[in-house]
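J.: For reference, the chains in residue letters:
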Amino acid sequence: MEAALEPPRLEHQQPVLRAMGLQKSYGRVTALAQVSLALYPGEVLGVVGESGSGKSTLLRLLNLQEPPDGGDYRLEVPGYAGQNLFALDRYQARQVRVRHIGIVYQNPHQGLRMQHTASGNVAERLILAGERRFGWLRRAAREALQASEFPLERLDEAPLRLSGGMQQRVQLAKALALQPTLLLLDEPTTGLDVSVQALVLDTLKRLQRERGISMLIVSHDLGVIRTLADRVLVMRAGRVVEQGLTDQVLEDPQHPYTQQLVHAKL
Amino acid sequence: MTLLEVENLHKRFRIHALGREVVAFEGLSFTLRPGQFILVTGPNGAGKSSLLRCLYRSYRPSAGRALYHSAQGPLDLVRAADEDIALLRQREIGYVSQFLRPRPRVSALELVAEPLLHLGVPWEEASAKASLLLEELGLKPALWPAYPSTFSGGEQQKVNLARALVRPNRLLLLDEPTASLDAAARGALTERLARLKEAGVALLGIFHHPEEVAGLLDQTLEIPPAPPLLAPNPASVA
Chain A
38 MEAALEPPRL EHQQPVLRAM GLQKSYGRVT ALAQVSLALY PGEVLGVVGE SGSGKSTLLR
98 LLNLQEPPDG GDYRLEVPGY AGQNLFALDR YQARQVRVRH IGIVYQNPHQ GLRMQHTASG
158 NVAERLILAG ERRFGWLRRA AREALQASEF PLERLDEAPL RLSGGMQQRV QLAKALALQP
218 TLLLLDEPTT GLDVSVQALV LDTLKRLQRE RGISMLIVSH DLGVIRTLAD RVLVMRAGRV
278 VEQGLTDQVL EDPQHPYTQQ LVHAKL
Chain B
179 MTLLEVENLH KRFRIHALGR EVVAFEGLSF TLRPGQFILV TGPNGAGKSS LLRCLYRSYR
239 PSAGRALYHS AQGPLDLVRA ADEDIALLRQ REIGYVSQFL RPRPRVSALE LVAEPLLHLG
299 VPWEEASAKA SLLLEELGLK PALWPAYPST FSGGEQQKVN LARALVRPNR LLLLDEPTAS
359 LDAAARGALT ERLARLKEAG VALLGIFHHP EEVAGLLDQT LEIPPAPPLL APNPASVA
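Just so you know, the sequences run in chain order A and B.
With our numbering, the residue at position 245 of the first sequence is 282, and numbering never jumps.
With our numbering, the residue at position 141 of the second sequence is 319, and numbering never jumps.
If you're looking for bench data, these hints aren't it; they were derived computationally from the structure.
One or more hints might be untrue.
[As the list claims (entries may be wrong)] Distance ranges between label pairs, derived from CB positions: (1) Leu245(B) to Arg127(A): 51 to 57 Å; (2) Gly89(A) to Met179(B): 51 to 57 Å; (3) Leu245(B) to Ser232(A): 42 to 48 Å; (4) Met179(B) to Gly116(A): 45 to 51 Å; (5) Gly260(A) to Pro252(B): 35 to 41 Å; (6) Arg211(B) to Val66(A): 55 to 61 Å; (7) Asp193(A) to Thr328(B): 35 to 41 Å.
[As the list claims (entries may be wrong)] Cross-link-like lysine-lysine pairs, in silico, DSSO-like; alpha carbons within 30 Å at most: (8) Lys307(B) to Lys242(A); (9) Lys375(B) to Lys318(B); (10) Lys242(A) to Lys318(B); (11) Lys318(B) to Lys307(B); (12) Lys375(B) to Lys307(B).
C-beta: ideal position from N, C-alpha, C; glycine also.
The whole structure should be built from the sequences, with the hints applied where relevant.
T.: As structure tokens, then:
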């Protein structure tokens with residue numbers, strides 16, 4: 038192996054996310070083994086690996102959807118800074134999830150009510166956070182959809198009748214409506230046409246630049262990762278086998294598995 | 179005062195599927211001072227590009243040391259944390275590749291302004307600087323709002339150069355930046371490099387036609403041809 042890297046020496050902002058020693062098994066299957074990661078303000082961290090590598094489990098844990106078997110998870114958000122979020126009760130965990138974490142799923146059915154209107158889907162998130170003023174809800178939903186480059190003349194259409202790209206924009210608007218600290222993206226462009234994929238990626242890149250949102254993106258598409266991510270974690274069988282700057286991992290992969298992954302793609 | 183002290187730097191690629199190692203370069207040592215321009219020479223495959231990529235950390239160096247005196251203190255580029263390298267790339271170390279990697283639906287002007295936007299410079303100022311540079315390198319203004327994926331090789335390279343030069347650097351790594359440029363753009367680049375050198379920027383570059391920058395060069399770093407043998411990799415064989 039190449040020389041081991043030292044801890045950071047230069048002055049940095051504090052990470053917004055710090056996860057240490059995440060552990061999760063389902064029966065005898067180890068889904069995550071001692072996974073640790075940090076995410077800095079405005080940074081995009083990519084997670085790659087084949088199905089079964091633990092990527093999705095990692096996202097579910099970070100989205101506080103299910104508890105781990107072990108580990109510590111901190112987000113720099115008001116009221117919860119310095120606390121292990123895994124130790125929160127269900128009410129608090131839901132508060133953190135609704136207020137401070139946004140998520141976009143590969144399958145829009147997972148993130149949206151397909152029969153409701155686009156704006157209703159976004160407003161629902163605001164209502165969950167305690168907002169009740171109708172005019173304000175409508176305006177906030179509209180702004181979030183606009184930021185996601187959703188065509189405003191289609192606000193009242195149901196996601197069921199929208200294209201895949203548009204459905205992802207509704208999910209994105211819903212995720213962003215409360216200005217989250219952390220945006221989780223689970224294969225957000227998989228299954229979209231290449232041209233639509235480019236548009237959605239462009240929107241994500243612009244939002245990241247303009248709003249400085251920290252993002253964690255899971256994708257098996259190395260092109261997507263190269264376009265969006267600053268750093269990459271490579272996962273296999275629940276472990277992080279390699280991590281590094283995106284260009285380095287893709288151009289000079291160190292681990293046999295990463296070499297296989299990169300060379301299969303290029 | 180030195181900016182960069184490279185000592186006995188090596189790069190080998192370990193190709194696990196073959197159980198072999200390929201040597202890119204071995205045992206390089208040199209120092210670079212602010213305002214100094216070193217030309218990297220050597221036959222094809224000697225590892226000239228690999229050296230630049232190791233210093234930018236697109237490649238992980240295999241052994242040796244590259245002590246870089248950053249604005250925040252000295253740091254070994256061989257072993258520095260990814261976070262630190264990311265910070266240096268944002269603020270101090272620039273890299274000009276041979277090719278632009280255009281992104282879908284991002285205009286030439288936006289691509290060039292982007293490094294400034296990342297530093298928090300407002301759009302008006304960033305785009306004004308980007309425009310000046312594109313003008314200097316001779317990209318037709320009609321192309322500024324267009325997407326570079328449709329540009330010619332030379333036009334793309336102007337965008338690439340402008341993007342790398344728009345932000346001040348302390349160290350600039352140049353990997354055949356003039357390869358696809360017309361004479362006017364090559365002249366503009368040479369002028370720009372002269373000004374950077376004068377301002378104290380350290381330059382390390384590979385040039386296919388070094389006579390273009392001959393007046394600016396302080397030193398030549400000759401990389402000998404890498405040994406062509408493929409050494410078995412004990413770690414993978416075991």
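J.: Each hint: holds or not?
T.: Hint check results:
no.: 1; hint: Leu245(B) to Arg127(A): 51 to 57 Å; verdict: holds (52 Å)
no.: 2; hint: Gly89(A) to Met179(B): 51 to 57 Å; verdict: holds (53 Å)
no.: 3; hint: Leu245(B) to Ser232(A): 42 to 48 Å; verdict: holds (47 Å)
no.: 4; hint: Met179(B) to Gly116(A): 45 to 51 Å; verdict: holds (49 Å)
no.: 5; hint: Gly260(A) to Pro252(B): 35 to 41 Å; verdict: holds (37 Å)
no.: 6; hint: Arg211(B) to Val66(A): 55 to 61 Å; verdict: holds (57 Å)
no.: 7; hint: Asp193(A) to Thr328(B): 35 to 41 Å; verdict: holds (37 Å)
no.: 8; hint: Lys307(B) to Lys242(A); verdict: holds (22 Å)
no.: 9; hint: Lys375(B) to Lys318(B); verdict: holds (27 Å)
no.: 10; hint: Lys242(A) to Lys318(B); verdict: holds (27 Å)
no.: 11; hint: Lys318(B) to Lys307(B); verdict: holds (16 Å)
no.: 12; hint: Lys375(B) to Lys307(B); verdict: holds (19 Å)
Of the numbered hints stated above, none is contradicted by the structure.
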